[in-house]
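Participant: Chain by chain, the residues:
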Amino acid sequence: MKDKIFKSILLLASCLILVLTAGVIYALVSQSINTFSTFGFFGFISSTSWDSVNENFGALPFITGTLITSILALLFCIPFSLSIALFNGEYFKGTKTSTVVSSVVDLLAGIPSIVYGLWGFYVLRPVLIDMGVSAQGFGVLLSSIVLAIMIIPYASSLSTEFISMVPNDLKEAAYSLGSTNLEVIRNVSLPVSMSGMFAAYVLALGRALGETMAVTMLIGNTNNIPSSLADTGNSMASIIANQFGEASGLKLSSLMAIGLLLFLITAIINFIAKYILKIVNR
Amino acid sequence: MENSINSENNKYVLELKEVSVSYTPGKNAVENVNAGIRENTVTAIMGPSGCGKSTLLRAINRMHDLYPEIKTTGEILLKGENIFKMNPMKVRRLAGMVFQRPNPFPTMSIYDNVLAGYKLNNISLKKSEKDEVVEASLRSVALWDEVKDSMNKKGTFLSGGQQQRLCIARAIALKPEIILMDEPTSALDPISTNRIEDLILELKEHYTIIIVTHNMSQAARISDNSMFMYLGHLVEYGTTKQMFTKPKDKRTEDYLTGVFG
Numbered sequence: 583m584k585d586k587i588f589k590s591i592l593l594l595a596s597c598l599i600l601v602l603t604a605g606v607i608y609a610l611v612s613q614s615i616n617t618f619s620t621f622g623f624f625g626f627i628s629s630t631s632w633d634s635v636n637e638n639f640g641a642l643p644f645i646t647g648t649l650i651t652s653i654l655a656l657l658f659c660i661p662f663s664l665s666i667a668l669f670n671g672e673y674f675k676g677t678k679t680s681t682v683v684s685s686v687v688d689l690l691a692g693i694p695s696i697v698y699g700l701w702g703f704y705v706l707r708p709v710l711i712d713m714g715v716s717a718q719g720f721g722v723l724l725s726s727i728v729l730a731i732m733i734i735p736y737a738s739s740l741s742t743e744f745i746s747m748v749p750n751d752l753k754e755a756a757y758s759l760g761s762t763n764l765e766v767i768r769n770v771s772l773p774v775s776m777s778g779m780f781a782a783y784v785l786a787l788g789r790a791l792g793e794t795m796a797v798t799m800l801i802g803n804t805n806n807i808p809s810s811l812a813d814t815g816n817s818m819a820s821i822i823a824n825q826f827g828e829a830s831g832l833k834l835s836s837l838m839a840i841g842l843l844l845f846l847i848t849a850i851i852n853f854i855a856k857y858i859l860k861i862v863n864r
Numbered sequence: 005m006e007n008s009i010n011s012e013n014n015k016y017v018l019e020l021k022e023v024s025v026s027y028t029p030g031k032n033a034v035e036n037v038n039a040g041i042r043e044n045t046v047t048a049i050m051g052p053s054g055c056g057k058s059t060l061l062r063a064i065n066r067m068h069d070l071y072p073e074i075k076t077t078g079e080i081l082l083k084g085e086n087i088f089k090m091n092p093m094k095v096r097r098l099a100g101m102v103f104q105r106p107n108p109f110p111t112m113s114i115y116d117n118v119l120a121g122y123k124l125n126n127i128s129l130k131k132s133e134k135d136e137v138v139e140a141s142l143r144s145v146a147l148w149d150e151v152k153d154s155m156n157k158k159g160t161f162l163s164g165g166q167q168q169r170l171c172i173a174r175a176i177a178l179k180p181e182i183i184l185m186d187e188p189t190s191a192l193d194p195i196s197t198n199r200i201e202d203l204i205l206e207l208k209e210h211y212t213i214i215i216v217t218h219n220m221s222q223a224a225r226i227s228d229n230s231m232f233m234y235l236g237h238l239v240e241y242g243t244t245k246q247m248f249t250k251p252k253d254k255r256t257e258d259y260l261t262g263v264f265g
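Chains as they are written, first to last, in the numbering used here: chain A, 583 to 864; chain B, 5 to 265.
Derived by calculation from the structure, the hints in this document are not laboratory data. Treat the hints with caution; some may be incorrect.
DSSO-like, lysine-lysine: derived pairs with alpha carbons at most 27 Å apart [unchecked claim]:
| id | chain 1 | residue 1 | chain 2 | residue 2 |
| --- | --- | --- | --- | --- |
| 1 | A | Lys675 | A | Lys860 |
| 2 | B | Lys83 | B | Lys21 |
| 3 | B | Lys152 | B | Lys130 |
| 4 | B | Lys131 | B | Lys158 |
| 5 | A | Lys675 | B | Lys94 |
| 6 | B | Lys134 | A | Lys753 |
| 7 | B | Lys15 | B | Lys252 |
| 8 | A | Lys753 | B | Lys157 |
| 9 | A | Lys753 | A | Lys675 |
| 10 | B | Lys31 | A | Lys675 |
| 11 | B | Lys252 | A | Lys753 |
| 12 | B | Lys75 | B | Lys89 |
| 13 | B | Lys158 | A | Lys856 |
| 14 | A | Lys753 | B | Lys89 |
| 15 | B | Lys75 | A | Lys678 |
What you are looking at is a predicted structure, and each value in this text was computed from that prediction instead of being measured.
Excised from the complex, chain B in its bound form (with noise of 0.2 Å):
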């Protein structure tokens, strides 16, 4: 599917390539979806429930491999390389995951939640490495100045939205190329989801950002791309502010205008 974006001919950190997804033999759960996504932006995927949007947004970092039923079939390629050329471990390294229910390992302390990447890599650190790390992983999701007392308390003492926002250093810690974000804020509080909602237009500095959402309003606040799905196709993919003023596809504007939904 060809589309405003790829029309400009940037150069991508990510492209989609016929990606297909099927749970079950001979049906796609997501079907043939084309996309380049430039670095520095956000990109929302939007859509009804059950349109495929997880789906896509799990084969980027080749989730689907823990479960043998689900087949992906297609090209991701991630800087120009095929992420499934590639050992998934490292795809999963450089594309961060943050997930709808915010999941800190309750068994270890905030500073090892922000270490876990590492810890789980087995790649070790000297302490140092190790403070400036979570400092510089917990300031630029505006969590260190409340949690820099308590370090070794477990993570789950935090509030939801902290929680959240741990998750999201976590996953920043690794030093990804690009962050997919699950509906990271259907479980929070409105001010909670405010805040990480600022933290995602902070974190475009630094990050690509792709966030599955069910909020039209959230995607039109913080995205610069939207993906419209439904049924399992990318139906339409631009910027946000021709999507939301000037829908190109009839089915679209139903979904924005609440025709359907």
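Chain A extracted, bound-state conformation (with noise of 0.2 Å):
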């Protein structure tokens, strides 16, 4: 009998979970319903209008500062997130070092985003307009050098996984044939985890593509597709933390149908990365 009772609670709470998903998805489509049916599906992710007199709206620029962020980010992390990887899943594999660099590693994603967002804006900020990068330093760069840091734990803790993953009787053969440890790590280990650490990579995108706070703070809040890797221009997360306190009618719409677009990116990523997570588990 108890355990009946208990069985239908955890139903009962599964399925509120449902319930819960299915009303925010439902929320985000019928209040976009009124811009797709204004401007039009593609005629809206297709504009670059972002014009509150005139209610025209378009997504086009927050969608292109998402993606050049986001996979600049993800450009910049790769290098250190690979070098922790092997460093921590080969080459220092079960030593103290490699549990001291993983743990301050892992610190990194304990880190609020509003702190990041802080430092990248008192700290980095400064540093990039000395070096002349841009006047107020505020742009695509910035954002994509913030984002990166932020990234670099989900990326490297997975990839660490699959490199030490490697069977080690593979690596042992490699060696038994007389090959270096770079030799092994290039022909054999890299090879092998390679499918394991693009799907890391991609669920690293994933976080990427949804970072709100950092961004908001350092991307310049302006609403055109940035020119350069110095220009300003918002995301997708950024032009509705920038302005849904101020929109209503059309405009909110507009900001609901840019919030439904970054669920859809962000789930087809993340659906991506677990696909290929599946194969490779298998």
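Mind docking these for me? Both chains are given alone in their own frames, and the hints should help you get the complex.
Facilitator: Okay, here's the thing in structure tokens:
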């Protein structure tokens, strides 16, 4: 009897989550219908206009802003997370040094987004200004660097796991043929863990896509497609964060539509990563 | 330890002198092993689990170097040269190794698996030389006819027995002096095991083979000489025939007659 009650409580809780998710999606869809019916789906995602006075809205600058900053962040993050993965999963596997390094990296993941934003604003931005990147320092480059640091823990902990999962007897086989450490990594460890690493980076990309606070503080809040790394812009998350308080009517609907798109893109990215992981783990 | 093989006073391709291996300081997994192994013979290392037979085998190609906590002492002479004074990469090229579980490189084709030793050592060969090495190596493990039309398939597509033969081909492609085999048939079915055993007898013509086995009848079938190890000690070393008919040590006899094991 008790067992049955417990079971039903669990079922209820799971159903509630499903209902909540469905509710969120329903709210996003129903509120963005106004925008999609006014501009059309493709009209909305391909328009660069963000004109509150004439009520003409398009999402292209923000989609571009999100993709550019996230992909750049991923590119910046790869060399570091790959090094950390090789350090912790190959060279110093199971040693104290590796425990220290991986705890510090995990610590990075625990720093709140707003703290990264603050650091980027007051520490990194002046550096970029001194380097002559741009007058104010805000923009795509600043956001991408901070984003990269934020996603390093995610990319590196997963890829460390995949590097250390390479079967020892494969590595020993390579050593037994007379290869050096580096050759084993290049010809055995990396190729064997390749697809897992790829999934790790796709998941990291997914995190970068939705990151809001730090990007909002650093990207410069201008509604244009960034023309260079030094240029300012807005990401999908940052335009919502910057404008939701004062929005109503068609503008609010457009922000909802951007929210829906961001949700879809992130969901697809995560799905791809999970799918690869599933294949890898088989 | 003196034994019948040493007394023949022939030239050895491999000589072990006071070889000890320890995983933790002060505790030897292999203790003071002395033995000489002659060219073109098959030597079986037998003994119960944990007796140090694999540990001894892995000392010969300096695999223990990969694990800093493992210490090897003594001398191992390969063609008269102390392997501990040689570059470990060179030692491992001269002493090929075949493992318990067939382990072809899963990301490489059959062709590339055979050439893996060259690739991993950055030795570049002309296409014609590559083809030659691949064909010769696969022929000598009797795999050529089975795979010649599927060279570009991944090595992991093959059956377990074929994979193990591929691994042997990979080891002999580098033309080693000796081949070390660590229970190479323990993961295989009886038919594949049979083929590997036949193969070992053929390979003996060109190579010196040392094989670790927990299978006494396998040792009896394929080896010329046998070592019996117990608790890290080389208890007895002699011709297989003599060991199986008139073992000198009581422990060897007990093991061979199934008193323990």
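Participant: Against this structure, judge whether each hint is valid.
Facilitator: Outcome of the hint check:
1. Lys675/A - Lys860/A: 25 Å, holds
2. Lys83/B - Lys21/B: Distance ~13 Å between Lys83/B and Lys21/B Cα, so the pair holds.
3. Lys152/B - Lys130/B: 19 Å, holds
4. Lys131/B - Lys158/B: Between Lys131/B and Lys158/B the Cα gap is close to 20 Å, so the pair holds against 27 Å.
5. Lys675/A - Lys94/B: 25 Å, holds
6. Lys134/B - Lys753/A: 23 Å, holds
7. Lys15/B - Lys252/B: 25 Å, holds
8. Lys753/A - Lys157/B: Status holds; Cα separation ~21 Å.
9. Lys753/A - Lys675/A: 14 Å, holds
10. Lys31/B - Lys675/A: At roughly 24 Å apart (the allowed maximum being 27 Å), Lys675/A and Lys31/B satisfy the hint.
11. Lys252/B - Lys753/A: 40 Å, violated
12. Lys75/B - Lys89/B: It holds: about 15 Å lies between the C-alpha atoms, which stays within 27 Å.
13. Lys158/B - Lys856/A: This hinted pair holds, its Cα atoms lying about 25 Å apart.
14. Lys753/A - Lys89/B: Given that 27 Å is the threshold and the Cα spacing comes to 24 Å, the pair holds.
15. Lys75/B - Lys678/A: 21 Å, holds
Of the numbered hints listed earlier, the single one contradicted by the structure is hint 11.
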